[in-house]
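**Q** Residues per chain, in single letters:
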Amino acid sequence: MIQIPETTLPRLLFQNAERFGNKVALREKDFGIWQTVTWRQFADHVRAFAMGLHALGVRRGDVIAIIGDNRPEWLYAEFAAQSIGAMSIGVYQDSVAEEVYYIVSAAEARVIVAEDQEQVDKIIEIWPRLNGVLKVIYYEPKGMRNYTQPYLAHFPSIEELGRAYDREHPGLFEAELAAGKPDDVAILSTTSGTTGKPKLAMLTHRNLISQGAGLLSVDPLTPDDEFVSFLPLAWVGEQMVTVAAGMQCGFTINFPESANTVQENIREIGPRVMFSPPRIWENMLSQVQVKIQDSTPLKRAIFEWAMKQGYEMADTRFGGRKPSLWLRLRYALARLLVFEMLKDHLGLRFLKRAYTGGAALGPDVFRFYHAIGVNLKQVYGQTESAGLSVIHRDGQIKFQTVGTPLPNTQIRIAENGEILVKSPSVFVGYYKNPEATAETLEDGWLHSGDAGYFDEDGHLIVIDRAKDVMTLPDGTKFSPQFIENKLKFSPYIKEAVVFGGDWPFVTAMINIDFANVGKWAEQSQISYTTYTDLAQKPQVYALIRKDVERANADLPPAARIRRFLLLHKELDADDGELTRTRKVRRRLVAQRYQEIVDALYSDQREFEIETTITYQDGRTALIKTRLRIEELGDPSTSTPMVAAREVTR
Amino acid sequence: MAHRDSAALPTPQMEIDHVDLSFGGVRALLSVTFNIYPGSIQAIIGPNGAGKTSLLNCISGLYRPQRGQIRFESRNIIGLPPHQIARLGIARSFQNIELFRHMTVVDNLMLGRHIHMRSGIFSGGLYWGRAQREEVKHREFVEQVIDLLEIQSIRKKMVGALSYGLQKRVELGRALAMNPRLLLLDEPMAGMNTEEKEDMARFILDINEEYGTTIVLIEHDMGVVMDISDRVAVLEFGQLIAYGTPAEVRNDPKVIDAYLGREHALPLV
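Quick mapping for you: the protein sequence lines, in order, are chains Y and B.
Those letters in the first sequence? Residues 1 to 649, by this note's numbering.
Those letters in the second sequence? Residues 1001 to 1269, by this note's numbering.
These aren't lab readings, by the way, just hints derived from the structure by calculation.
Heads up, the beta-carbon is just placed ideally off N, CA and C, and yes, glycines get one too.
Do not take every clue at face value.
Pair by pair, the computed Cβ-Cβ distance ranges are [unchecked claim]: (1) Y:G501 / B:E1198: 35 to 45 angstroms; (2) B:E1198 / Y:P150: 24 to 34 angstroms; (3) B:N1193 / Y:R605: 32 to 42 angstroms; (4) Y:E125 / B:T1245: 19 to 29 angstroms.
Given the sequences, and given the hints that come with them, work out the whole structure.
**A** Written out as structure tokens, the structure reads:
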């Protein structure tokens, strides 16, 4: 058991302001310079904005919504709301107006904090349908000069209002801050909504604080450590590290300059800890793979040699064996020649630990990071458990597992194989949705909806969403996600949706990675016009076929992909095909592309399809395309597979 | 964007007054007369060879008209060399990108500040005292331009390595770095795709709103012109054939005949 402080998040912040005073709390790159905010200034902003909210009429139990990129003001607004007993809800900044409407109205937000013109425009669009919103507060004034809506206000003006209100009501802030209880709801967090509309999970101060305490007890950090906050603060994973762990540890939180400069900014800061969903790690790896292919034969040879040493070292460690002196020497050379520089370029050089969570990360990606010496750990958890409940411990990393439960956390496998979680971090229910709460929470046990089991070392193995686990014709249970992750190891494959289970064999719908395949096409002198055109090139089919065969080689025969096709459009969150955390909404995709799925299981080799696509500005268009299906042959007859393996080697 | 009314016009910032320009026997501009109002966005349109770029070149001092006057804030600028016109607060971008390809984006933008630098060769060479303070001040201004045009991620990149759309944006940035009161843009959206055009249109509006800069642009994309300009001047064979708000111009039969063509008349109205 570990001790969990009986307090609230804003009280932790004000303690830090006392403790650290003029030490840097936040850093934001603006006008090309890292601008700093000390703990004292941080607390002052929070106090001013909290009093501003109170002056506007926000009271205990109200909700404020925040939509925008990660900036200091995002945190000011969140802590300000919590200081006066209100809750905050983050909305993913790339949400379309309709999604914003759904969340803001479901949460009955009283105030909306919207970053800039782009976000304010969405609110203005849905304004006539909103009820009870007092103010819309923006913090990036660019382009806002000619907006005259009376409900709009600039962030500093509300802080100014709050400072005046604070002077008129002495002691009010202290009283409000002290009135907060650990079991008050601190944030509403949207679930990713892979199966339907997102739900709003209520997380209390205790939930988040025990989460942060648990994480820090396993992997301690110091106030001198650096963290780059670049994933949406609406995501529970980012809240967990930035807010829950950040306030208890007091490390410096850095915000990148813009979405396009994240990689560069990470490199400048050299963070000590990173927490990212698999997509980020996959992207970084794809970048490395592509750049290496672009480089000179000598460099490529050195890289390949180093990677061989790296993989050998990683596998030795995964196996719990001690590396021999000879291996250690070779690895040291590989580090010197390649890994240190590689990590420096990726901004991973000073990492103590890195985490991946939110979805499963393919084992090949996992091995890669360990080979280059990044201590990447898998974690497992969900929004409803405030982020994570199971984590790899240093030195006990097995890439097929997600590790062992955090302190204070109990994990049980139900009779139907479902993973159940009980801990102080398990949420108190969905906001204004008792039916959904009753389905998910039973006697304090959280029903995760994931299927899993424990291995001989007590490590949890997560198979997949219980609903998605498929039973192959020969009776074995299999996870489509596992196959998808194998495919996504290829730099040319961005997304894959695997079908099986109800069908006689396994097929896959694949999204090519436009940037990487495009580059490959340029080098191979293949001309193309659009994504659709590129995806249907026979040469691209041949390229992807090689990667599918490579993935197949490691799979049991019944789970091998027999047919695949390259989708004519990218799966997109704006079309509702991905969640805002970029997970595939499998059932919706299967429904929407019913025709394609049917075609995959028919004897057609080519067919025509019409799809509606939604542009960024909300317009829709119809596209008509011919799609080709690639057949890989029946794996039960061994000859074609042998041929395929030869190709791969 | 609300279009301002034709009535109640403020004092013009620039008056183009009966300007004639000819190259030997070719008469590029024929007695062109119209006003440019402070804080507005004005477009110059017309078929190829109508004299649009020639007119811009006359304003920026590259060509010298044979007759007429161009008055900027009541002062005739015809005959002034380009660098003096730039000092008066008139900046321009070019139809074909004219940047230093082997310099970084920041360096190209800093060059735009050059006309405002006061320190001499000595302190500049030593980068000491006033020169250093000046450099910092100018860099701050350049950073505001970078922020406005959202080019933070390419700040330190060589211009030559950038995509065409981004180079166009950098060129706009360099003109803007001069902190002009009048900005001349020669086809800022030529060769761009729809998304890049939308971005550029938004930047032009932002510049106009944020800095109150008067903008004169030559553009072929009628959608953009009609959407963002307050006033449109139409040239044909060196003559001004129409001048007014977008609504007035697009309904003008002469313009429809000469430039938009009959078949465009319907969808535009």
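**Q** Against the range 19 to 29 angstroms, how does the distance between the Cβ atoms of E125 of chain Y and T1245 of chain B compare: consistent or not?
**A** holds, 27 angstroms
**Q** Regarding N1193 of chain B and R605 of chain Y, is the given constraint of 32 to 42 angstroms on their beta-carbon distance met?
**A** Roughly 34 angstroms apart at Cβ, these two residues keep to the hinted range, so it holds.
**Q** Within 24 to 34 angstroms or not, the Cβ separation of E1198 of chain B and P150 of chain Y?
**A** Cβ of E1198 of chain B to Cβ of P150 of chain Y: about 29 angstroms, so the range 24 to 34 angstroms holds.
**Q** Should the hint that G501 of chain Y and E1198 of chain B are 35 to 45 angstroms apart at their CB atoms be regarded as holding?
**A** At roughly 44 angstroms between Cβ atoms, E1198 of chain B and G501 of chain Y fall inside 35 to 45 angstroms, so the hint holds.
Going down the numbered hints, you'll see the structure goes against none, and every one checks out.
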